[in-house]
Structure formats: C-alpha cells, structure tokens
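Number of protein chains: 4
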Amino acid sequence: MSALGMAVVGCGYWGPNLVRNIVACPQTRLVRACDVDAARLAEVLAPYPGVQACTELAEVLADEQVTAVAIATPVATHHALARECLLAGRHVLVEKPMAATVAQAEDLVALARERSLRLMCDHVFCYAPVVRVMKDIIDAGSLGDVLYFDSVRINLGLFQRDVNVIWDLAPHDLSILEYLTGRQPVAVSVQAARHAGWEQENMAYVALDFDNGFLAHLHLNWLSPVKIRKTIIGGSERMLVWNDLDPAERLKVYDKGVTIQPRPDRAARDTALVSYRTGGVTSPHVPHGEALAGVVAEFAAAVAEKRAPLTDGASGARMLRILEAAQQSVARGGARVPVAGEGA
Amino acid sequence: MSALGMAVVGCGYWGPNLVRNIVACPQTRLVRACDVDAARLAEVLAPYPGVQACTELAEVLADEQVTAVAIATPVATHHALARECLLAGRHVLVEKPMAATVAQAEDLVALARERSLRLMCDHVFCYAPVVRVMKDIIDAGSLGDVLYFDSVRINLGLFQRDVNVIWDLAPHDLSILEYLTGRQPVAVSVQAARHAGWEQENMAYVALDFDNGFLAHLHLNWLSPVKIRKTIIGGSERMLVWNDLDPAERLKVYDKGVTIQPRPDRAARDTALVSYRTGGVTSPHVPHGEALAGVVAEFAAAVAEKRAPLTDGASGARMLRILEAAQQSVARGGARVPVAGEGA
Amino acid sequence: MSALGMAVVGCGYWGPNLVRNIVACPQTRLVRACDVDAARLAEVLAPYPGVQACTELAEVLADEQVTAVAIATPVATHHALARECLLAGRHVLVEKPMAATVAQAEDLVALARERSLRLMCDHVFCYAPVVRVMKDIIDAGSLGDVLYFDSVRINLGLFQRDVNVIWDLAPHDLSILEYLTGRQPVAVSVQAARHAGWEQENMAYVALDFDNGFLAHLHLNWLSPVKIRKTIIGGSERMLVWNDLDPAERLKVYDKGVTIQPRPDRAARDTALVSYRTGGVTSPHVPHGEALAGVVAEFAAAVAEKRAPLTDGASGARMLRILEAAQQSVARGGARVPVAGEGA
Amino acid sequence: MSALGMAVVGCGYWGPNLVRNIVACPQTRLVRACDVDAARLAEVLAPYPGVQACTELAEVLADEQVTAVAIATPVATHHALARECLLAGRHVLVEKPMAATVAQAEDLVALARERSLRLMCDHVFCYAPVVRVMKDIIDAGSLGDVLYFDSVRINLGLFQRDVNVIWDLAPHDLSILEYLTGRQPVAVSVQAARHAGWEQENMAYVALDFDNGFLAHLHLNWLSPVKIRKTIIGGSERMLVWNDLDPAERLKVYDKGVTIQPRPDRAARDTALVSYRTGGVTSPHVPHGEALAGVVAEFAAAVAEKRAPLTDGASGARMLRILEAAQQSVARGGARVPVAGEGA
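These protein sequences, in sequence, are chains H, Z, S and P. Mapped onto the working numbering, the consecutive letters of the first sequence carry residue numbers 16 to 359. Mapped onto the working numbering, the consecutive letters of the second sequence carry residue numbers 16 to 359. Mapped onto the working numbering, the consecutive letters of the third sequence carry residue numbers 16 to 359. Mapped onto the working numbering, the consecutive letters of the fourth sequence carry residue numbers 16 to 359.
None of these hints come from the bench; they were simulated from the model. Keep in mind that the hints are not guaranteed to be accurate.
One copy or two, it doesn't matter: identical chains are merged, so the pair holds either way.
DSS-like, lysine-lysine: derived pairs with alpha carbons at most 30 Å apart [what the hints assert, rightly or not]: (1) Lys150 with Lys321; (2) Lys245 with Lys321; (3) Lys321 with Lys242; (4) Lys150 with Lys245; (5) Lys242 with Lys150.
A quick note: this is a predicted structure, and the numbers were derived from the prediction, not measured.
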C-alpha cells in the first residue's frame, strides 16, 4: 500500500513539527505545505526540496496527490479550513482545540461522518510515551479506584493574543484525563484572573466534577515564576506522580494508600479503622519517542483501516463542551456550570 | 518585672510544645499544666518537676499564680474553656482555629474586651522566621503589586476525626495570607471530596476572591502520595516561592515579571506591548528559630504592655468567618459563598 | 534476665544521645553518667532523676551496679578510659574512632579478649535502617558484582580542633563500606588541603584500592557551600544511590547496567559487544528508627549472649589501620600508602 | 570585509554542530564539508544545498575559497590532518583534545607560529554563557581567594572505543579550570578503574595539585546510574555551585564562608578564632546562547584581527601535558605524576 499523501496547512509555531513528522513517518508522504507567509514557508521547507509550497488552500485541494490535510492555523480558522477540506473529500487532522465553539466542532463531526472521512484532533499528549505508560498502569488496576486527578501546568509563559490560559493549556490536561480515565465531567467551576492589564485570563484554577465523587483540578498559570508540570493521580491502592520536568524519573508510582473500613456504628469513631500504608516508590522506565510521531502514525492507520482514530472528532467536540462551560464559569464569576452532554 | 505565670490546658499533640516554649521563654513561667489524662500529663511534665499537674480546669483557675492560660484542647472545647478562663480574669492564648463557630469566636472577643483581658490566637506561622522574611520583602515593595497567593499543602496525612482537611490545614494559609497582605477575602468557593468512605472531606481546593482582582488559592490534601508545602506569591515586579521542605533555600525571590503597557487602541493587538523580564534568583538567609517561641513572647509582651497581640481574637474571628463560608461552599456543592464582614 | 546496668562517660556532643537511648532500651538501665563539667551533666540528666551524676571515672567504676560503660569523650582519651574500664572488669562501648592509634586499638582488643569482656565500637551507621536495607539488597545479589563505592559527605561544617576532616567523617563511610561489602582496602591515597590558615585538613579526597579492581572513594569536606550526603554503589546488574538528605526517597535502586561480552578478537572493536540497559528505578521503603537504638540493643545482646558484637573492637582496629594510612598519605603529599593487615 | 570561507572535515558526532554554527555565523561562510562517509555527509548537508561535499582532504585544500578548516575527526587523526591544512596555508580549528600526544600538539603550535596561521582548539565550554558568568564573578573578586575546584561529571555514558573516560571528559573540566583560574597544575594523581571487562578506564578520580595549596578534583564516570554535572568552586568569601542539569538555576553563589584569624599562640586553641558566615544564595541570570556559536565567532575574529584566539594551540598543548601525566598516573597505579612545564 502506498503512503498517505498529505499537506500541512499553517507553518507557524506547530506546523513545522507536523512537517517534520509527516516526512519521517513511513506511512505518510508530505506532498504540500501551505502558509500565507511565503518566506516563513520557504524557511521551513528548506530541508525538504521535494515538498511543494503554496499560499492558498485552493492549491492544496487542487492537488490530487493530497489525500489528507493537517491543519495548524489559529483556532479561529480551524472550522472554515477543515470544512473546506472535508467538502473537498480530504481526511483532516486538526490542531487542538479542534474549533472555536462546540457548534463548529459538531458541524465538522457530522460532515466527516456524512462523507465517510477521518476527522482527528491532535491531542498530542495522548500519544506521549509517558502517558501511554500511565494508561497501562491504570488499566492494569495498579492504582485501585482512581480517586482524583490534580494537574499543575504553570510557567512564566507567553501571553497569547487570541486565547486565554484555559484555551491554551487546559486541552492538554483534558485530553489526558479523558484518555486515562474515560470519564466525562458533569460540571466545571473556574477561578480565573486577568493580571497586568491584559484582556485574556492569564491564570486559572479549573475544578471538574464527576458523577461518582471523582474530582479533577487544573492549575493553569502564565504568571508563575517557576515552571511546574506535575500531575498527581490518587488511587485507593497506589498513587502516581508525573513530573514532566524530571527526565530521569518522569513517572513515579507510590505504593501508598489509606484503607478505611466501613463503620457499622457511626458513634464508634475509632481511629483504628483507618490504616495507612507506606511502601516503596517505583519509577518505571519510559521509552523515548516523540508524541507527534504517534499522532501521525495513528492518523495514517485510521485512514488506511477506515476506522475512527483514537482522538477522533467526537473527542475534540467533548473537549470543546468543557472549554465552553469553563468560559461561562469565568464569565459568571466562578459559578459551577454544567457540561453539556453529547448530542445535547 | 516578674515573668507571666501561665498554665497549659490540654497536653495532647500540641500542648507539649507550648509547655516547652513557655518554660524556655524568659518572660513567662509555667506554673501548671492540665489534662484529663493524668498519665500523659506526667510523661509530658517529667523534665519539669517544678510545674504542678492537675486534671481539672477549676484547679488551674484556683491558682493565684496563674495569670494567663494557653488552651490546646480539641476545637469543640475551645469556647467553653476560654470563656471560663476569661470569666476568671485570665488572659487567654488559644490554639487555632480559635473556636468552632464565628458566634463563639465573637463571644470570646467581646468578653475579653469587656474584661480588658488579652485574647490571642496561636496562628503560629505568623511568627515563623521564614514568614517574617517574606513580610519584610513584601512590605519593602520588592514584589510590586501583589497579584496572587497560591499555596499547596498536601501529604499523606493523618485523617482527623473531629475536623476536615479545611479546618485542619487552611488556618495556616489563611493566617499567613492575612499577615502578609492585610487583605480579607469577599467570597470563597471550595471543591472538596471525601474519599475512601470517610465522613470528613480529605481533600479540598479553596479559592478566595478579593475585591481588587487579587486571587488566593489553597490546595489542601491528606491523600497525596507526596508531601508538598509550597507557596507562590506573584507580584508585578518580582515573585516569591516558599518551599518549606527545602531547608537550604526555603525562600526564593525571582526577579521575573511581565510588563504590559496600557493599549490606547483596542484594535492594535501588538504583542510588542508585552515584555517579559527574566533576571536572577535570590534566596535570602532565613534565621533559625522556632515560631512558637515568638508566639509565647508576643503573648507575654501583649499582656505586659496591655495591648492587642499581633494575632488577636479579632483575627481569630476573621479566620472563622472564612472557614464557615468555606464549609457552606462545600455543603452547596462548590458554590461561591460570600464571607461575612466584621460585625456582620 | 535483668537489664544491663550502664554508665555513660562524657556528656558533651554525643553523650546525651547515648543517655537517651540507654534509658529507652528495655535491655539496658542507665545507672550513672559522668562528665568533668558538672553543670552540663546536670542539664543532660534533668529528665532522668534516677540516674546518678558524677565527675570522676573512679566513682563510676566503684559502682557495682555498673556492668558496662559507654565512652563518648574526645578521641585522645578513649584508650586510657577504655583501658581503665576493662581492667575494672567492665564491658565497653566506645565512640568512633575507637582510639587515636592502631597500637592503642590493638591493646584494647587484646585486653578485652584476655578478660573475656565485650568491646564494641559505636559505628552507628551500621545500625541505621537505610544501611540495613542496603545490606539486604547487596546480600540478595541484586546489584550483581559490586564494582565501586563513591561517597560524598560535604557541608559547611564545624572545624574540629582535635581532628581533621578525615578522622571526623571517614569513619562513617569506612564502617558502612566494611559492613556492606566485607572488604578491606589494600592501599589508600589522599589528596587533602588545609584552607583558611587552619592547622587541620578541612577537605580531603580519599581513594581506597582493593585487591580485585573494586574501588572506593570518599569526598570529605568541611568547606562546601552545599550539604551533600550521597553514596553511589555501582554494580554490574543494578546500581544504588543513597541520598541521606531526601527523606522521602532515601534509597534508589537503578535497574541500569552495562554488559560487555569478552571479545575473542582484539582487532574486532565492535561496539555491538557493549550493551546498555536502562530500566526503571525503585525506591524501597526504609523503616523509621534511630540507628543508636540499634547500637545499644546490639551491645546489650552481645553482653548477654557472651558473643562479639557486630562492630567489635577488631573492626574498630581495622578502621584505625585505614585512618593511619590515610594520614601518612596526607603527610607524603598524596602518595599511595598500603594499609597494614590484621596482626601486621 | 568578507566572511571567512571555511570547510568542516569530519561529519560524525560533532561535525554537524560545526556545520550548523559556521552556516549561522555572519562572520563565516561554509564552503565545503568533507567526510569519508559520503552518505552521512549528504544527510548532514541536506539543508545546505550551497555547501560542496567531498570525501578527500585534498579536495578541500584545492579549493581557494577555503581559508580555514575545522577538524572534527577522531583524535588519532587530528595531528596529520591539521598539519596538512597548516602546510597548505589554512587556519585551523581543532576538536578537543587537540592531538594524541604533547609532541604532536607542540608540533602544530610551532608550525602555526612559523606560518603565521591561527591554530585554535575547540574548548567549547569556555564559550558557554554560564562559564562566562562564572568568569565574571571570579574576576570581580566575589569569591575572595579561590580555594578549590571540585567537578563531578558522571553518567551512564557511552563507552568509547578509542579513548578512556579521562580523555573523553576531563578536557571539559581542564579547559574550564584554566579559563576560570588561569592556573596550571604541577602534578596529577589518578585513581581509575576498568570495569565490566572493558579495555579502557571507565571511571576515574583525577586530583590536581597546584603550587599554592589550591586543589582541583574531577570525578569522571561512565558507569554511574545517575547523571550529575556539578562543579563547586570554593572561595574564602563566597562559594559557587554550577549544576548544569538545573536549567532554571544553573548557577548559584553562596554567601557563605569561614574566617579564621591567624593565631599568634599555637597553644591557644580558641575556637572563637573561627567564625562561620551563612548568608543568602543568589542565582544570577544566565543568558541563553550556544557555546559553539562563540567558538566560531572567536575563531573568525582571531583570523580577521591576526591575533591568538582565547583557546589557542598553546592552551591545547597545556591540556595534553595534563592528560599525558594523568595517563601515566593510571599506568603507575595512582602515583602522583608531575605535569611537564611549557617548553619542558
């Protein structure tokens, strides 16, 4: 079978990574790259003389060799560009977040279904080796019941003009959360602030409620003096800490837990019914590997096998339901806002 | 002037620390210690043969040499014991939180005022050398405008029978926050969970709103596999990180910041108006010293000078207003609950 | 069987720890404590009204209830005091290093043997829970062949008047090394320096040769701006790192190694014959517990069972042979100096 | 003035970095690149279609546009290749170590002097921003008298076929040491080991003596389970720690020291004459920047200005005198070996 002919649309910050990985992947072939900035494009394509450059999407879609398009433009343009590609019969891989609104995302999902085309969202962390190892640990039941997910993703970060800190950083955690636990939040409450006269929120605390007592919380901050990327997943049997800034021991599994016996008699407040367990710590080996290579391989496989990719359009739409609810919570001063259900 | 004659009531977990510090302080003299468990008391007092042991508060109050009483019993008993001491004309130092309800706290404050007695709450961190250094840095204006306060206080902690994680841990952060910034929150929203079949919340995210855009957030958790005690205070000029578990560099001041010029023209979204500054890091020397020694010295000084102590009854009452609002937020599923004003 | 009646001689820096542990140990009973400074002694004994204080060794030895003596005086006095105790028929526990010279140590060993008395050296780290866990790991063969031992023990330390940094710090590492590996070095080379006009060496690099290619190295330093207490033990199968300043993960076992196949043909420099293995990291649980409690318990057991204690006089003498060779190496500008064999 | 026309000879591990930096430097122009492996070369040059590829040095030297040659081949070939280039009238930049023997290095130095050509050794760390900041701190006298230099450079590293761990890693530290302190060691003692059946030493402790009590020590290890790259420079006033693996605080200056007053009377062993000072810690900002860019810029400037570069051939020869002495020390079982003086 021949490699999937692809084009990359948008070669600003993230596009060059797509270019590099599509070139490197044996199942894909980069045919074209497109950007409104021809000079930037020439620079990005310098090492790849076989790839055609163009500045208009129409040129991309006119090329019969292009079977699929990867879109890495600003969020506001995702819907229009992806729509055009789908209408032109191309499979589409879109940067996160998939669109600017739930309605746009649902429109793309419906269109792709109608045309029997693949629509995939680049939730890149779901393909990171470290997250794969975490998934294996959780699926094997090592943590017992998963009780909570706590993520801190803070830095002195670049303020974005077109999105706030939630739209910029939360997609990473939300996609990881869905991938690892398979759970959807029912409501979200956000405490956010806009500092230093900026128009967009630059720090936010996002609390996510779930049906069954499970709790998730994200601390997102562009105004932190220190860079922290740490996720704690608490389980009834073991707990897991992912420190993405510690390359030597990125993942640690703590053999720690609390066991509380059901108390038949409410009056008997005997502390002996609570027992703590403090065992050792294990840091499993995490293979090297670029997450984006996994994204490209999965996309090519989904097209070849005519199946939904792991992070399909529907998962992109689910994420947008959470982001919209979070945005409403900000607008309503931190109120708890329900997350719309699928098809709602 | 002779040393202040004191008694300690309650010699369980914290009481022995009070005993030791009151003995060591040149301005105080420990006359008596009282606990319902005579054996425990004997053990605690073994090194101090000159201190009288007793099991009834009445014995304490009958002793003319006792001018002031330090109370370190369970929270539920604070009000009744402190009230009795004040009625008997004794100055009172109470463990945090000062009482179980705002009403109780206000009653004690009123009573002490009426009788011209000192009422102090043992907000011990306000006397820790590291917090003193932080206070000096903030008061000197080094941070510029203080933008946010973020505290993480998590551990695999002992579940308490009589209080939840908020009542156990938040008082530390709330007292530090008031001491450092002089600000009172106007509302509080809490996302909390009770895991492992326990009756009390064992993890909580407490978000505190202030009038002027300032934001504070506490992550409190008895179910964390790792112990973290880290506070970040973001300022417009510099930022500060207090890592209480790094004895060699407990405090770091980051010469980092973001400057955003006011934009006369909303349409002109020029990123050049945002500038980042990344300078060095300074870790000021933090003197050694036990915080509780400072508490005892301040209490003795306040009594001697007939003035309010730094962490007086009113500050204890203010903290209870926040704790009560937090508890209501938990009860109302994370709703934003206003914090009652003083005298409200 | 009744508890072993003991006395502590020397209540300066370390003696109070002996006092506390001998009081606490069920197999021992502290009868007397002795120090030339009566005021210091009174302070140390305040919590223990049942213990007799005295300022002369003669008083200790006149007390029939004293069956064994623990000596924690300056090194220069160890030999004379221990000798007197042995001559008076008492078992002896001596602080490290056991004596000031090999000759003194051998004299004590011979005397104790002659009188059938227990002579033990307080090599306290051999009783630390973390070292016990390391011993179990090594004895179980987890590390494969043990290849090297590298220890860094540095700090801005108190300069000692009577000993240099080698005599102060090396005993810890030398006793751990002997305990863990059972090996004796054949030669020692020391690079040392005396800085800041001081008479004693305040930093030293101590390299220890062994017969079989095994190498040990100690970096000892009183002049370091940072405190490091880290030991690496390299094995052919796994490697171990002990970081004594990381209470949460004091010990880590790295499933890492290098495998090199014997090369039949010298000319064939095929790198494929070398293979690296990088697996996970495990941090075994280290139980809490004070090492000195283990010292006291072992001493009492050795007396009761009429057997040599784990760290007996002979091990104290072996350590002195290394220390003397190290001192000669310093005197000879870093020359490699053989370590005298037992009975040499 | 036109840019310096350059060729890179050797495009294995390090050569591609030279290629990239010579292309990027405004003062240099990459004309040719040469490697015996044409396929590897094609891959390296793919992004740079304007650069000529060739497999023979003769082709390089036949090209009139090539004014200077950068050599990044195995050490054993440095001398022959550099000699040929110098004889052909080309300036030469050589990878570290500059040659395989002192004699070879001195031959190159003499030849370059004779022909008035620039000969530079790529001691790349001397151009690293962090080392530049350290140099400024030391030159400003902030550390007071510099007392010692302690470097740990360990990892589970790739075993090299043609050099041992000393020749591989020590050049980094030796060049930094010379650059920062301007001092030359008078003798070297090395404790080394060959583990796992390997022919080359894979771990070594290198102690360097200096005339005036200054001491330097390097721990070099390819067999460590953990990666450490940490240098401590102790001074009489302040001390400095460079942790190259901590990107956020790569450099720390500790305001710590020991002051010892000269003691007129040897008998008066008064500890009060020693005083410790423990102040804060400062982590100066280290600008971003690739060290190799500085190497290339310095080489171009030295050619243009007809002056010796900072790390000239003579410094390369001085390093080889130390490496040869170290090798002899290994061969003589760790003996202290004098380092030959310049022109010796």
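Structure-based check of all given hints:
Taking identical chains as interchangeable, the C-alpha atoms of Lys150 and Lys321 lie at most 30 Å apart only when both belong to the same chain, with a minimum of 25 Å there against 57 Å between chains. Taking the closest pair of Cα atoms, Lys245 and Lys321 never come within 30 Å of each other, the shortest separation being 36 Å inside a single copy and 49 Å across copies. In this assembly of identical chains, Lys321 and Lys242 lie within 30 Å of each other by CA distance neither inside one copy nor across copies; the values are 41 Å within and 46 Å between. In the homo-oligomer, the alpha carbons of Lys150 and Lys245 lie at most 30 Å apart both inside one protomer (16 Å) and across protomers (28 Å), since each shortest distance falls under that limit.
In this assembly of identical chains, Lys242 and Lys150 lie within 30 Å of each other by CA distance both inside one copy and across copies; the values are 25 Å within and 24 Å between.
Hints 2, 3 from the list above are not met by this structure, while the remaining hints are.
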